[in-house]
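Residue numbers (the working numbering), protein chains in the order written: chain C, 88 to 346; chain D, 88 to 346; chain B, 212 to 543; chain U, 107 to 425; chain F, 4 to 360.
Calculated from the structure, these hints are not laboratory results.
The C-beta atom is built at its ideal place from N, Cα and C for all residues, glycine as well.
Some clues are possibly wrong.
[Said to hold, decoys possible] DEER-style ranges, computed between Cβ atoms: (1) B/302 with F/29: 51 to 59 Å; (2) B/538 with C/224: 21 to 29 Å; (3) D/327 with C/314: 42 to 50 Å; (4) C/163 with U/259: 54 to 62 Å; (5) B/278 with F/200: 45 to 53 Å; (6) B/535 with D/228: 42 to 50 Å; (7) U/306 with F/200: 43 to 51 Å; (8) U/159 with F/283: 33 to 41 Å.
[Claimed, not checked] In silico DMTMM-like links for lysine to aspartate or glutamate, alpha-carbon gap of 25 Å or less: (9) B/407 with U/392; (10) U/220 with B/230; (11) U/123 with D/164; (12) B/407 with D/164.
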Amino acid sequence: MGQRIDVNHLNIYYGNFLAVEDVNINIEPNKVTAFIGPSGCGKSTVLRTLDRMHEIIPGAHVKGEVLLEGKNLYDKDVDPVSVRRDVGMVFQRPNPFPTMSIRENVLAGVRLNNRKISKSDADDLVEWALRGANLWNEVKDRLDNPGIGLSGGQQQRLCIARAVAVHPQVLLMDEPCSALDPISTLAVEDLIQELKGDYTIVIVTHNMQQAARIADYTAFFNLKAVGQPGHLEYFADTTTMFNNPQNEEAERYVSGRFG
Amino acid sequence: MGQRIDVNHLNIYYGNFLAVEDVNINIEPNKVTAFIGPSGCGKSTVLRTLDRMHEIIPGAHVKGEVLLEGKNLYDKDVDPVSVRRDVGMVFQRPNPFPTMSIRENVLAGVRLNNRKISKSDADDLVEWALRGANLWNEVKDRLDNPGIGLSGGQQQRLCIARAVAVHPQVLLMDEPCSALDPISTLAVEDLIQELKGDYTIVIVTHNMQQAARIADYTAFFNLKAVGQPGHLEYFADTTTMFNNPQNEEAERYVSGRFG
Amino acid sequence: MADLTQDPKASLAGAPVIDFDKFKPSRSFVASRKRKDMAMRVLISLAFVVACIPLVSVLWTTIANGVKRLNLNFLSYNMTGVVGGNPTPSGGYGGVFHAIIGTLEITGGAMIISIPIGLMCAVYLVEYAHGGKLAQTITLLVDVMSGIPSIVAGLFAFSMFTILIGPGSVNGFAGSVALSLLMLPTVVKSSEEMLKIVPGDLREASYALGVTKQRTITKIVLRTALPGIVSGCILAIARVIGETAPLIMTAGFIVSTNFNLFDGKMATLPVYVYQEYSTLYANCAPSAGPECVATIPMERSWAAALVLILIVLILNGIGRLVAKVFAVKSER
Amino acid sequence: MSSQDKTAVTMPAASGKTADKVFRWIAYACGILILVVLAAVFLFLLFRAWPLIGGDQAANSKTISDFTGGKATNFWAYVGPLLFGTVLVSALSLLISFFASIGIALFISHYAPKKLATALSYVVDLLAAIPSVIYGLWGGLILVPAIYPFWNWVATYLGWIPLFNGPAANPSRTVATVAVVLAVMILPIITSLSRDIFLQTPRLQEEAALALGATKWEMIKLAVIPFGKSGVVSASMLGLGRALGETMAVLMILSPGLTYSFKLLQASQNQTIAANIAAQYPEANDLGVSVLIGTGLVLFLITFVVNYVARRITEKKVA
Amino acid sequence: ACGDNTASTDNGSSNNNSSDTTAKSEPISGNFNGAGASSQKSAVDAWVAGFQATNPDAKIAYDPSGSGSGVKTFLTGATAWAGSDKALADEDVDDSKSVCASGTAFDIPVYISPIAVIFNLKGVSDAGKHIKMDAATIAKIFDGKITKWNDPAIADQNKDLELPDLAITVVHRSDKSGTTQNFVSYFKDQAADAWSYDLSENWPNSVGQGAKGTSGVVSTVKQADGTIGYADFSAVGDLGTVAVKVGDTYNEISAEGATKVVDASEIDSSVKGDNRVVVKINHAATGEGVYPILLVSYMIACPEYKDTKTAEFAKSWLTYVTSSEGQKAAAAAAGSAPLPDAIAQKDAASIEAIKTK
Ligand SMILES: Nc1ncnc2c1ncn2[C@@H]1O[C@H](COP(=O)(O)OP(=O)(O)OP(=O)(O)O)[C@@H](O)[C@H]1O
Ligand SMILES: Nc1ncnc2c1ncn2[C@@H]1O[C@H](COP(=O)(O)OP(=O)(O)OP(=O)(O)O)[C@@H](O)[C@H]1O
Ligand SMILES: [Mg+2]
Ligand SMILES: [Mg+2]
Ligand SMILES: O=P([O-])([O-])[O-]
């Protein structure tokens, strides 16, 4: 089951540069939350703080709290490695491990955690994850082929399968469809709808229609000017956001759209 | 003034692979013609045959005719280099020359062709082209700054200015807005509307809304299956295409869209 | 499209039920992973520290032994009239002026031969050949060529000049030929890499403006790749500037300054270092005063080695500077 | 938009067409030249070594016997131990430097703080350019006496391994010491290239690994190493090539011998082709030079084959 | 040219011939090359300096590339003279016909240097003491037959020394070398029973360690306790040297000792070609201070050159080199032994044969 995330007074820095300012947001479990906003407003940056991927960039750090079911991820005693095990992530461009087969790609995360997996357990897990990622039927006959040989949309679903195979509580997705063609996009959107039964999903998208189609809640980030920190401008359930936003900037952005 | 293009029975190959089959299309002068269609159907490929950019890819060649004001571009005695001077092109990702200033970028087409041009003529040309590309006011004070230092949308307009500065009759644009944020997209779309007074414009876009907004005519390309050649499925004026297409596939594509 | 929009539930229907506890890492395993991570961190840092010892020792030895005799006099005089361990009229003990000239001229010659050829070869590979059979062969052979032992290059240049010019022909240029053979693959490889990373966009942009291929290459591609090409060439020069064996064979050794690359022997710094090392001791007559230094050859040897390192350093500096000046301004 | 076209630009017809052609041909010729050069190296060497094959065999065997003090009388018996020594020394040095290089490269690319990494990169590049004659000086004068106690310890405690059979030669002008010096020499080369490759690991791959909950080392195993493997192999080949052909350092340190011996800690066991050429060349007569060029040809062919095979292997891996 | 240290050294040692006033009718000018034996390098440096003092416009370059290479180069006509640690071979004499305008090349001794048997032994060499040995003992050590420093063969001759029970590490040249040939020819003559190998410039056995060049041998000997090697006297530095048994006494190394041996040696009259002065070193020479291990190094020239300028140079150059002035300069710069008068006269006669008109 998904877990809830509460972000409190989060300031996010790249070195000395304050990239995102004072974010407060409550992300509901088993719902899809979309982050939208103009380029550079910090959507990706915020997303990456939710599984402590932000800090792998040299000099990057945060101030504030991110509570996963009440436990602050940024507490001293929390190991980022285990956070990332609980919070999965899917990236803008599909990134299967190029040297691994489809099967090995799915198992990559699991093998890190537990080296002694029986073959049959592994088989079951691969099937489960690939079915979950809506990819099973397409690849079941060639699990030992390299993952890199798949089409873009298939690769992206493979990456989702790889992420869910570790059985995280939360799934973060940073523009997972922006490199995909419409048909693949549809497949991934369907998948997201389905996955929210099991996971809390946060998705960054440039595409407002996509947000409108798949998200339960939408967060609109904005920035005053280039070089200024971004901030969370408005957060609402998706219907409100797109039909009746109570925020002028959001209204302008949502209606004046042409992306 | 723009020139008309007539494409007759054009088959386009990458090596032995027939990428696009039997295209027949008449592109009206001083109008905007949009190419739409699913990924891989050959929109870009067709576009690039219109200024013989296709053949710079090793092994790529065409069969059939492309008539520019009645003269076949693919006649033996036609020098592709001079064709490209008559037919300008703007690419998906803005690509100003990184080693050049804004001014030099605009003049690149002239300078690189080793043509002598006096300083005052050059100044005039730069101003004219940048005004034409709707960029003059934003950059007039920093013409000697590197072109790469502009924002994405500005860069794309700079590339349009660069293309315009060579005085082409036709302007080809391959998804010129797909890498831009909404605000920059608006600026470029405005520009296109304005430019069609002087040029024949052909634009490839993934975005049907964009086609609907800016094009006079729309060509819908399709492909039967991956690996099959693409073809021109339906060509009509834009209103017909989006409101009342006389082609089933086009209808499905235009209505079932989710880009 | 139809098969892709199939009912997703159907796809999960046959899915096996998974007991995820099975895959949960045991606590000890988590700890052992952490330990392993730490161990590797330590090991890698240790590898670094251990490897640093000899490398630092090499540098330190050269600097410590080299500074003793490194002065202006040493840089501005050659070895003519240097007898035993006695000082010369100028108050020094001989110097490396002639060897610096030789090194610069011979390496310069090698540059003039190999940089245009290497660069054009890279242009051919990247811009014209498009991975054809010939290009593959050339790429492979360039790789293989980078393994040519320097002494073989020396033998080659020596044999070539013997056969073409006649026996006993020793000149700086033969050294240049030997060195250019060693430089060529590095130049080709690095230029090739640099040309490859010039975005295809830029070429297309240029072609689309109606620019010919030749001008596109010279004015856009090469210009954009210039900083990288320069650093690559500097690297190639650094690679050959310290070659000794092929130069002993081809350029020989003299004590006076020879400015003519094409005629007569030429001293070079590495050969000088080696010659002085071979001399080891200078003789001081029993009657000689304290100004006669018996250990002067080794001291000169170290000082010349240091000069060589300094030249490499300066070259690197120049390379960086040039790269910076011509750098593509990419900051937004 | 101002439709008035103020610029008077005349278009020269088909300008640059010949320049285009000429340029193309120059590029082509330079490409071909590489093949010609390699062929020329081979042919010139073969030509000069010809008396070995086509010349007076009695004179040949006398020359060779003169070189070896009567230990060998035909070319193959002469070049055999030399080849063995060459391969032994360079393989050892590669073995020593390989892991250290990877370690340093990883340290610079993934562990060291950015500032330190930049500084280290610069130092490594500088070290890669240090002339081998300096490594020779350092090895012969500093390392040889300094390393003897260590070899002595090895011979005493690990002497039961045939490789380390004692007693360790003192001064230790042995294969083991030379291998260490060559390892130090090629270390910066391999490091520098490997570092460049590791730095190129796609961020996306690294992040994919980390996002799955990998530790840093696991991330390196999952993303960095697979990506860098073929590059590291070719870097090592370059290092091996350098070691195979290294002349001065070996010449100035090794006490040579002409045997097929693995006794790394004993003196006068092996000699390398390159050092042998340099040692014998000054005093060799015409026939002697032919013999030496013959050994050089063998060295050339060996490096050629080693590199060729290695490239083929890495090529396949990449594809 | 640029960077030259113009005047020759005129301070310190004894080679004071810096006589700007020396009345030489016609100073030599031009560029002249020589190449050959590395052993002569230091001496040639001094000779060049001395020669240029009177012929400031003569530019002389010497490449110490090795005797073999020097002779090879000379026979191509690229050099005016060659330096060599051994006399010309018969083929070389034949070959020289094509280089010399007439006649065949000849060699004359110009440089005599004692070869030291050097060693490094704690408590002995660092205390400045010598070890005494006879020819057979040295030969046996270098043949690996005597392996310990306290071997009775050594100890018996050195009752005054505490010799340790330490293995002897022999250090020999690994490259082809005139020094080696001259060194072992001493064994052949004086300890034939203990030395069975053929005379050669390559070290014949695989005892001990080989090192490249004199410098290699010296630095190797320096690096460990218990080493013994041989090297040109000028390169000995502070290492210990063996006092060699001559007759009934043990003589320490000295330049004069080597001169005396040459003085007592015959000229080999059986050699092919004219004007040649080849010394048959008499290792059996006895007398006070005689030191029998030595190297005689030659210069090789043509009796007639294709170019008169070169001929004039060669004549003037060799004359200077073999003059007592020249020999003194070499002694100061390289620690070599001066040519005995008898040899110098023979040299002069040969040099006189060079035709300059
Ligand atoms: N690695 C980095 N180092 C320094 N600054 C960064 C880095 N990555 C992003 N930034 C800065 O942080 C801010 C937010 O960037 P971010 O990528 O989160 O925006 P975004 O909303 O995801 O934009 P996009 O829609 O283009 O992906 C921007 O000002 C950006 O320049
Ligand atoms: N350089 C190339 N070499 C070989 N085949 C190519 C090349 N470029 C494109 N193709 C093939 O030609 C067909 C048409 O591609 P094209 O890029 O024109 O499609 P498109 O409609 O522009 O797609 P997109 O919307 O993704 O840009 C595709 O099957 C593609 O795989
Ligand atoms: Mg982003
Ligand atoms: Mg396209
Ligand atoms: O002068 P050498 O022949 O002993 O090198």
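Comparing the hints with the structure gives:
| no. | hint | in the structure |
| --- | --- | --- |
| 1 | B/302 with F/29: 51 to 59 Å | violated, 33 Å |
| 2 | B/538 with C/224: 21 to 29 Å | violated, 51 Å |
| 3 | D/327 with C/314: 42 to 50 Å | holds, 46 Å |
| 4 | C/163 with U/259: 54 to 62 Å | violated, 45 Å |
| 5 | B/278 with F/200: 45 to 53 Å | holds, 47 Å |
| 6 | B/535 with D/228: 42 to 50 Å | violated, 26 Å |
| 7 | U/306 with F/200: 43 to 51 Å | violated, 59 Å |
| 8 | U/159 with F/283: 33 to 41 Å | holds, 39 Å |
| 9 | B/407 with U/392 | violated, 47 Å |
| 10 | U/220 with B/230 | violated, 43 Å |
| 11 | U/123 with D/164 | holds, 13 Å |
| 12 | B/407 with D/164 | violated, 32 Å |
This entry does not satisfy hints 1, 2, 4, 6, 7, 9, 10, 12, going by the numbered hints stated previously.
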